[in-house]
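Asks: The lines below spell out each chain.
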Amino acid sequence: MLYSARNLKKTYNGRTVLDIPELSIEKEKIYALLGPNGSGKTTLLHILSFILPPSTGTIFYNDKPVQFLEKALQQLRKEVVLVDQHPILFSTSVHKNVEFGLKMRDIAKKDRRRITEESLDLVGMRDFEWAAAAHLSGGETQRVAIARALACRPKVILFDEPTASVDVENQIAIENIIQSIHRERKISVIVCTHNMLQASKLAEETLFLFEGRPTSSIYENIFGGKVIMKGGRSYCAIDDKVLIPVKTDQTGFIKISIHPKSIKFASSPKNDASSVFYDGRISQLSEEKGWIRILVNIGIPLSVFMKKKEFDLFGTGIGQNVTVKCSDYGVEIIGSETMPG
Amino acid sequence: MDFFVDSFLSSLILIRTVDPALLNIVYVSLKVSLLSTLIAGAVGIPFGFVVAVTEFAGKRAVITLLNTLLALPTVVIGLFVYMFISRRGIFGVFDLLYTQKAMIIGQVILIVPVVTTFTITAISRIDTRYRRTAMTLGADRIQTAMVILREARFGIVASVVAAFGRVISEVGISMMLGGNAKGFTRTMTTAMALEYDKGEFVLAVALGIILMSISLVMNILLNYFQGRTAV
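If you're matching them up, the sequences are chains A and B in order.
Heads up, the first sequence is in the working numbering, so the first residue is 119 and it goes up one at a time.
Heads up, the second sequence is in the working numbering, so the first residue is 176 and it goes up one at a time.
Just so you know, the hints here were simulated from the structure itself, not pulled from any lab data.
Think of the CB as a built atom: it goes at the ideal place given N, C-alpha and C, for glycine as much as any other residue.
One should not assume that every hint holds.
[What the hints assert, rightly or not] Distance windows between CB atoms, simulated:
no., chain 1, residue 1, chain 2, residue 2, range
1, A, LYS425, B, ASP302, 25 to 33 Å
2, A, ARG331, B, ARG328, 38 to 46 Å
3, A, ASN313, B, LEU209, 53 to 61 Å
4, A, ALA249, B, ASP302, 44 to 52 Å
[Stated by the list, open to error] Which chain A residues stay away from chain B? Per the calculated CB distances, all over 10 Å, these:
no., residue
5, GLU146
6, SER173
7, ARG195
8, GLY219
9, MET222
10, LYS379
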């Protein structure tokens, strides 16, 4: 096992931002760490890269417990490199940036030159070797940061939202680089992202985080609203305009997640004991491994996930009006919110 | 008006002829000021770095104290150091009074707060990602510190330039601890004060021109480095 952890917690000023009872990450695989903003992904990545100590709990790296002491961590950091969401390059040349990790590892000058050139070749930035790092674009900076990490010959690379701030062209290039370094160099990769599509494209395994805790699947369609009773059943009133059926005895404000696979298209709207129908308009479509993700605006943006065959039956497309059915069994209460105001 | 123009022209001639007395005064000034700046840099830069990067109880109090010391009058430092190094003082046995060493001690006290506070500001402005990046790439604590210092280099150099500008133009410490002894502790500022007392303006104006030229060069350097920091 590359990483395993027990009762991992990180707190800031008494607030728990990460609470992971158990974690296992295997060697030589690409893992995606999925979760919405603020779910603790970056904190976990900093702990796994030995930059940040956990508040409590134990981490095992290569089945050995990690001692969060500077001397021991320095050795571990020589095997694990983190590439930040918005990487920063030292204010010198691209060459010196990529060479930095090699200098820290006391690599001979001749070898440093060769490895630096190879690393820049791999990310398609060789032509920029002697350029000033400060003059690069966001995408180029991200690629040089990857080259700088690769030059260290790590066993593990951790990417924090690697394509969050780059254009589509660089996004594709970076995804290809991640796949090729894993394939060719057998480097274990953990990619932290909030993009489901990217996770499904890159990763062999996926870990989901929500509000600092691991979950079995990613929570999508997260909304907050007030519980109201109408016609003898409970609803979560979102923005006072959309009523989503929920099974709850709670009152006040709750946070719900509507499972995208539980939402269905309906041809003949007929309310029943557990379902409610909504009229909406398709605003976005994408394909993910034989599944279709449809974004339907019903007053709130609702993500619907269905098999391609099922979607084809309705013969619909972007801009079309549809009726969707939402059932209370597909709605999970994931938290209570403090009453606003 | 004639008096001013005459003094000014005579002083230019004095500078042009490279008068040995004038040269000696400039030499003593530069030597004492450079040494003071060097020592203050060696003390103030590491001190400022430690204060900037570490969290400890009373950090704000230390920064407030340093900011207060920026406004310390030179005569107060002169008086304070005099009490220690005069014959009746606890360091009287070292016979430091009215020497260049005494002037350097006073000037170092004057500019250590300048170098330290400017260094704290320069380091605090540095993005925290530099530290994280250096660490994840395998740098140890000293190597990480060097990365941060390197990124803050323009701000730090600006602090040293500002400190030099402060000591080259001060008069209180040089006069009280150096004693304005000709050929030994006479600096540009103390010589100007003496010449003024004597009513001899040619040398005073010549020294003023040189001092202003040095100040101009210092300010050009300071602007250059501060500009680089702002980029």
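Asks: Does each hint hold? Answer for all of them.
Replies: Structure-based check of all given hints:
1. LYS425/A to ASP302/B: 25 to 33 Å: Once the Cβ atoms are compared, 47 Å apart, the range 25 to 33 Å for ASP302/B and LYS425/A is violated.
2. ARG331/A to ARG328/B: 38 to 46 Å: Distance hint for ARG331/A, ARG328/B holds at roughly 44 Å.
3. ASN313/A to LEU209/B: 53 to 61 Å: Because 58 Å falls inside the window, the suggested range holds.
4. ALA249/A to ASP302/B: 44 to 52 Å: violated, 20 Å
5. GLU146: It holds; GLU146/A is separated from chain B by about 20 Å at its closest Cβ, greater than 10 Å.
6. SER173: Given that every Cβ of chain B is farther than 10 Å from that of SER173/A, nearest at about 17 Å, it holds.
7. ARG195: At roughly 6 Å from the nearest Cβ of chain B, ARG195/A sits no farther out than 10 Å, so the non-interface label is violated.
8. GLY219: About 4 Å separates GLY219/A from the closest Cβ of chain B, which leaves it inside 10 Å; violated.
9. MET222: MET222/A not clear of chain B: closest Cβ-Cβ about 4 Å, inside 10 Å.
10. LYS379: Per Cβ check, LYS379/A is outside 10 Å of chain B; nearest 38 Å; holds.
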